[in-house]
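*Asks:* Here is what each chain is made of, one letter per residue.
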Amino acid sequence: MIFKYKHSVALVPAVFLGQFPSDMRVSRIYAALKDLGFKHVFEVESAAGIYAEAKHKYAQEHADKKPLISSFCPAILRMIQIKYPSLVDNMIPIKAPLDISAIYALKVLQELNVPREEIGLFYITPCAAKIVSVKATVEEEKSIIDGVINMDSLYNRVYKKIKEQGKNYIFPSLKTPQLSADAILSTLTNGERRICMAKHSYAIDGIQNVMEFLEKLENDEVEDVEFLELRACDQSCAGALFSCDNRFLCGDRMYTRARRAAERERNGEMSRDRELDKYKDYLLEKAQTKIAAARSMMVLDNDISKALEKMEQIDKTQNILPHIDCGLCGAPTCEAFASDVVCGDVSIKDCIFYQRHLKRLGQISEEECLSRSNEIWGKDRINEK
Amino acid sequence: MHLEYTVVEGDFVNAGIASSSVKKTLKQLNVNPTVIKRVVVALYEAEVNAIAHAYGGKVLIDIDPQKICMTVADKGPGIPDIALAMQEGYSTARPEVRDMGFGAGMGLPNMQKNVDHLNVTSEVNKGTTVEMEVYFQ
Numbered sequence: 001m002i003f004k005y006k007h008s009v010a011l012v013p014a015v016f017l018g019q020f021p022s023d024m025r026v027s028r029i030y031a032a033l034k035d036l037g038f039k040h041v042f043e044v045e046s047a048a049g050i051y052a053e054a055k056h057k058y059a060q061e062h063a064d065k066k067p068l069i070s071s072f073c074p075a076i077l078r079m080i081q082i083k084y085p086s087l088v089d090n091m092i093p094i095k096a097p098l099d100i101s102a103i104y105a106l107k108v109l110q111e112l113n114v115p116r117e118e119i120g121l122f123y124i125t126p127c128a129a130k131i132v133s134v135k136a137t138v139e140e141e142k143s144i145i146d147g148v149i150n151m152d153s154l155y156n157r158v159y160k161k162i163k164e165q166g167k168n169y170i171f172p173s174l175k176t177p178q179l180s181a182d183a184i185l186s187t188l189t190n191g192e193r194r195i196c197m198a199k200h201s202y203a204i205d206g207i208q209n210v211m212e213f214l215e216k217l218e219n220d221e222v223e224d225v226e227f228l229e230l231r232a233c234d235q236s237c238a239g240a241l242f243s244c245d246n247r248f249l250c251g252d253r254m255y256t257r258a259r260r261a262a263e264r265e266r267n268g269e270m271s272r273d274r275e276l277d278k279y280k281d282y283l284l285e286k287a288q289t290k291i292a293a294a295r296s297m298m299v300l301d302n303d304i305s306k307a308l309e310k311m312e313q314i315d316k317t318q319n320i321l322p323h324i325d326c327g328l329c330g331a332p333t334c335e336a337f338a339s340d341v342v343c344g345d346v347s348i349k350d351c352i353f354y355q356r357h358l359k360r361l362g363q364i365s366e367e368e369c370l371s372r373s374n375e376i377w378g379k380d381r382i383n384e385k
Numbered sequence: 001m002h003l004e005y006t007v008v009e010g011d012f013v014n015a016g017i018a019s020s021s022v023k024k025t026l027k028q029l030n031v032n033p034t035v036i037k038r039v040v041v042a043l044y045e046a047e048v049n050a051i052a053h054a055y056g057g058k059v060l061i062d063i064d065p066q067k068i069c070m071t072v073a074d075k076g077p078g079i080p081d082i083a084l085a086m087q088e089g090y091s092t093a094r095p096e097v098r099d100m101g102f103g104a105g106m107g108l109p110n111m112q113k114n115v116d117h118l119n120v121t122s123e124v125n126k127g128t129t130v131e132m133e134v135y136f137q
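Protein chains in written order, with this note's numbering: chain A, 1 to 385; chain B, 1 to 137.
Some clues are possibly wrong.
Unchecked claim - Quick list of in silico lysine-lysine cross-link-like pairs, DSS-like style, CA-CA up to 30 angstroms:
no. : chain 1 : residue 1 : chain 2 : residue 2
1   : B       : K75       : A       : K306
2   : A       : K83       : B       : K75
3   : A       : K39       : A       : K167
4   : A       : K65       : A       : K286
As the list claims (entries may be wrong) - Now the in silico label distances, taken between C-beta atoms and shown as ranges:
no. : chain 1 : residue 1 : chain 2 : residue 2 : range
5   : B       : F12       : A       : A293      : 50 to 58 angstroms
6   : B       : N14       : A       : G147      : 44 to 52 angstroms
7   : B       : T34       : A       : K6        : 35 to 43 angstroms
8   : B       : D81       : A       : D345      : 52 to 60 angstroms
9   : B       : N30       : A       : I320      : 53 to 61 angstroms
10  : A       : H357      : B       : N14       : 47 to 55 angstroms
11  : A       : R266      : B       : V13       : 43 to 51 angstroms
12  : B       : N30       : A       : D345      : 54 to 62 angstroms
13  : A       : L328      : B       : I82       : 50 to 58 angstroms
Hints listed in this document are in silico derivations from the structure and should not be mistaken for laboratory results.
Please read all numbers here as calculations on a predicted model, not as lab measurements.
Each residue gets a CB set at the ideal place from its N, CA and C atoms; glycine is no exception.
Given these sequences and hints, build the entire structure.
*Replies:* What follows is the structure in structure tokens.
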């Protein structure tokens with residue numbers, strides 16, 4: 001797919017570097033990516049500084065809004081739209097570093113007179129929610145990113161390439177400036193919080209932890225908090241779905257790289273990204289986006305009388321169910337299943353406990369039970385071995 | 001629709017169980033988020049009161065298409081002077097309760113602010129009943 005474009009761009013997040021031994025040169029990894037066919041490599045977190053500055057500016061202009069919630073994590077952004085609609089106005093309407101870095105890459109290439117149709121922007125994603133956010137954006141019609149590559153599958157290829165090239169391979173050194181410590185750490189838990197200007201803030205990772213906190217926030221049980229960094233995955237992006245290695249090992253390697261970067265910064269060895277500086281104002285402006293709209297999916301019916309009726313039916317349906325949340329019906333909990341049944345999406349006959357009950361009454365056949373299982377879990381799950 | 005919850009004296013860990021559950025219900029009923037917030041804040045205050053000042057009690061919720069009625073009835077010392085208790089900053093909370101961040105004397109005034117109807121009845125050494133109503137429209 002990347003070969004369709006003359007100028008294929010790999011948008012590489014810092015988490016990708018965390019998959020490799022921390023003493024492996026960054027330029028070596030990028031050289032392997034180029035050998036695999038990418039014409040250009042851009043670091044997603046090169047936009048972390050712009051992202052932080054845009055957020056800070058928004059916070060200053062909206063000091064009355066408390067707390068401000070980072071919209072960095074696409075899973076959190078969507079969960080708030082669906083489950084916590086009263087909090088959507090608290091989300092900071094600034095694009096994520098990925099989008100800003102994509103805009104930057106596009107700008108750089110277009111300045112070199114490369115036509116847009118020859119440019120293919122590919123994000124190497126550790127995150128499943130990012131795929132959704134590229135395919136169906138919250139704010140705009142279409143994302144400027146042309147494709148997404150799962151990090152785990154690309155990791156195998158890059159690693160193989162590096163092995164093939166061997167120790168003595170001479171790879172071109174990196175022309176682009178290296179990421180700052182702040183930039184590398186920005187995708188990890190506390191990465192945004194540690195550099196935010198808020199007096200009172202929290203960094204929370206793990207979707208259950210986030211939900212527990214948002215419940216309290218909605219009830220006004222948390223006071224005076226100015227900024228929230230919320231991440232769906234435990235250990236943030238290091239623990240994302242397509243992050244290949246153990247989340248703690250990956251995070252630690254990123255810390256090691258960040259420490260080295262900090263040392264270089266202290267010694268004045270870090271060159272500024274002059275290219276990025278040139279487009280700073282342009283990118284700050286482009287980083288603005290609209291506030292995501294609430295789209296509650298909890299509503300049973302727009303008509304409150306009907307919703308009340310449904311609620312009582314759900315309650316009755318729940319009483320029939322076993323309450324062990326086995327998930328065999330395809331719904332995560334008996335409560336969710338009861339709601340699906342009442343809203344007409346599924347039949348109560350999908351519950352294997354209820355099937356037993358019907359069988360005893362002679363009201364369901366073995367074939368029907370089997371075909372229901374096949375329908376939910378795919379054919380041939382149950383076969384004679 | 002009728003819901004019931006039990007509140008246990010001193011059980012601050014579970015303070016908010018009733019208000020969280022009511023919140024979820026109102027979201028499913030597509031009630032305006034601002035209204036939900038008023039309900040939740042008022043009910044949470046009442047729940048905490050029953051936990052902090054009384055020896056526990058019951059929360060009774062009735063929802064119809066127009067409004068929500070909430071009754072928090074506790075067994076406890078009761079309030080001798082309700083008018084005084086309605087004043088902001090007036091509190092009889094024990095020091096250990098204040099240390100937990102409760103008992104600032106904003107409970108009843110805060111409920112009053114958030115609901116359309118508030119009725120407090122109390123009998124000394126028996127208990128207090130707080131009835132609140134919030135209209136959805």
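*Asks:* Determine for every hint whether it applies to the structure shown.
*Replies:* Evaluated hints:
Between the alpha carbons of B/K75 and A/K306 the distance comes to roughly 36 angstroms, so the proposed pair goes past 30 angstroms and is violated. For the hint pairing A/K83 with B/K75, the CA-to-CA distance comes to about 36 angstroms; that exceeds 30 angstroms, so the pair is violated. Of the pairs offered as hints, the one joining A/K39 and A/K167 holds, with about 23 angstroms between alpha carbons and a cut-off of 30 angstroms not exceeded. The hinted pair formed by A/K65 and A/K286 meets the criterion: a straight-line CA distance of about 22 angstroms does not exceed 30 angstroms.
Our hint of 50 to 58 angstroms for B/F12 and A/A293 is violated, since their Cβ atoms are close to 37 angstroms apart. Take B/N14 and A/G147: their Cβ atoms lie about 49 angstroms apart, and the range 44 to 52 angstroms holds. Distance hint check: the CB atoms of B/T34 and A/K6 are about 53 angstroms apart, inconsistent with the given range 35 to 43 angstroms. With their beta carbons about 55 angstroms apart, B/D81 and A/D345 fall inside the hinted range of 52 to 60 angstroms.
Look at B/N30 against A/I320: about 26 angstroms separates their beta carbons, and that is not inside 53 to 61 angstroms. A C-beta distance of roughly 34 angstroms is found between A/H357 and B/N14, which places it outside the suggested range of 47 to 55 angstroms. A C-beta distance of roughly 46 angstroms is found between A/R266 and B/V13, which places it inside the suggested range of 43 to 51 angstroms. The hint said 54 to 62 angstroms for the Cβ distance between B/N30 and A/D345, and at roughly 18 angstroms that hint is violated.
Look at A/L328 against B/I82: about 55 angstroms separates their beta carbons, and that is inside 50 to 58 angstroms.
When the structure is compared with the earlier hints, violations turn up for hints 1, 2, 5, 7, 9, 10 and 12 and for no others.
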